[in-house]
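K.L.:
Given next are the chains, with one letter for each unit.
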Amino acid sequence: MRSRLLLLVLTLLVAAGCGSGSGSSSGGSSAPSGGNLVVFAASSLINAFPKIATTYQQQHPGWKVEFEFLGSDQLAAQIEQGDSADVFAAASTKYPEQLQSQNLLGKTTNFATNTLVLATPADNPAGITSVHDIGNAKLVVGDPSVPIGAYTLTVLDNLGIKPSSLNIVSQEAKVTDIVTKLELGEADAGFIYTSDAKTAGDKLKSIQLPASAQATATYPIGIVTGSKNAKAAQQWIDLVMSPQGQQVLVGDGFGPAPSS
Amino acid sequence: MIGALAAGLTLSFLLLPLIAIFLHGDLAAGIRSEEARAALWLSLQLSLVSLAVMVVVGTPLAYLLATRSFPSRSLVMTAVELPLVLPPAVAGIGLLMAFGRRGLLGHQLALAGISIPFTRLAVVMAMIFVASPLYIRQAVSAFEAVDRTLLEASRTLGAGSGRTFRRVALPLAGSGLGAGMALGWARAVGEFGATIIFAGSLTGVTRTAPIEIYLGLSDNLDAGLATAAVLIAASGGVLLTVKLLGVGRARRFTPL
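Quick note, the sequences are listed as chains A and B, same order.
Counting in my numbering, the first sequence runs from 1 upward without gaps.
Counting in my numbering, the second sequence runs from 261 upward without gaps.
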């Protein structure tokens, strides 16, 4: 009786394993004419990239773009641990360079830039009007290990504000977690990307930073070494760099690809 | 034969990921990291506070549920068990909607000068919410297994219901309650989803071991792995100890 139960559980597990396994790899030989293109992208791209994917799937019938949106650092760690991705788009040059040094990522192109804003809930409970009002506010920021947190430290440093003098109540792993806590009104203010503030619309109030304090995030994109869909991945990158792709990104609050 | 094969496969499937954690990376370096230590220490403190609350409040409730039959008993049992089957994210959002600044009680709490999110209290509440059902269910089973005639004998011999509970029911249900405490504690230590939503993540305040493991993926994999290894050893140790102490009644209930 007991062994039959075990067997049943085991069969279910194996079945579940097979089910999820067969879907992800596109199979086929050298250049498949269709399949799933797996794009690992920084969570700040969560709105812009699916819009570009719609265009991509129209231009390349048979292909479906699958996204994983997480902190760039976590995506890089997943690629290091052998997760199969075709494209990596990060919110900082640090992690792509880290992967390149291990031969895990090909040449990258910078496809967008982003800046930071100070955001508050729509009703601005702490009455913040400038970045110098944040002294007593409950602040939610990015963890220093993720790009948004590192950029926030740069901005604070540029402003001559010591993080230890602030009331930081949480250091989040993803930009979207900062946005959520602001939208729910649990925190008074937080530093997020201009693109996130644009996406949030009137759910958040954004306060511009002085230009001299601004930190500019550069977004590189590249093909993951060993991708079986290298051609489709290059087509995705080309589309992101095209006027059409750039228009979507700028419309979502990103700066255009830096000319370098 | 099939049974042995199934057992072998199941065991390797369940244990391989846990063993892999011990084989990967530099655990000694990881455990020396300040983040890992801060997170483990915080988890230990807050999980013990949670356990204390669960036991103090949950034990009388479990005794009531085990010894009395009343019309809404199924309803109460369902309410107690519901957090077991809900995703922790639901717990996190629910706690925010109830106790957050804009939650149901947010206004009253603010008037009283209390702000719960982003505090240690928020972590404890998240832990209790997800872990107390395990303790209460186990405690109900333990009390139900106590021979009714012994309780009745105690009452006929003149002991009040309080004294009967303390002197007869508690000692007889003791091993079952111990198993429940082990399960509840282990679940509280493992709490992640509700905590990250309701309490946030700040080193030394709300960044518990599971959150440190999650963040370790990016920043310091060794620290994350070392934290994970300690959790596996501690939880495994507690569960095994309870079994070795001969908690026969624990078999009445297998956690999800």
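Derived by calculation from the structure, the hints in this document are not laboratory data.
Treat the hints with care, since some could be wrong.
Claimed, not checked - To give an idea of the chain A side of the interface with chain B (calculated C-beta under 7 angstroms), a few residues:
1) Ala77
2) Ser145
3) Ser165
4) Val169
5) Ser170
6) Ala173
7) Thr176
8) Glu183
9) Gly185
Here the structure is a predicted model, which is why all the values come from computation and not from measurement.
Just so you know, even glycine gets a beta-carbon here, dropped at the ideal spot from N, CA and C.
K.L.:
Each hint: holds or not?
P.N.:
Hint by hint, here is what the structure shows:
1. Satisfaction of the interface hint for Ala77/A is found here, the shortest Cβ-Cβ separation to chain B being roughly 5 angstroms, below the 7 angstroms cut-off.
2. Restraint check, Ser145/A versus chain B: the minimum CB separation of about 3 angstroms is within 7 angstroms; hint holds.
3. Checking Ser165/A against chain B: minimum C-beta separation of about 16 angstroms lies over 7 angstroms; hint violated.
4. Hint status for Val169/A relative to chain B: holds, with the closest Cβ pair at about 4 angstroms, below 7 angstroms.
5. Satisfaction of the interface hint for Ser170/A is found here, the shortest Cβ-Cβ separation to chain B being roughly 3 angstroms, below the 7 angstroms cut-off.
6. Given hint, Ala173/A at the interface with chain B, holds; its Cβ is 6 angstroms from that chain's nearest Cβ, closer than 7 angstroms.
7. A least Cβ separation of about 12 angstroms between Thr176/A and chain B goes past the 7 angstroms threshold, and the interface hint is therefore violated.
8. With 7 angstroms as the threshold, the beta carbon of Glu183/A stays out of range of chain B, its nearest partner Cβ sitting at about 10 angstroms, so the hint is violated.
9. About 5 angstroms separates the beta-carbon of Gly185/A from the nearest beta-carbon of chain B, less than 7 angstroms, and the hint is met.
The structure fails hints 3, 7 and 8 (numbered hints given earlier, in ascending order).
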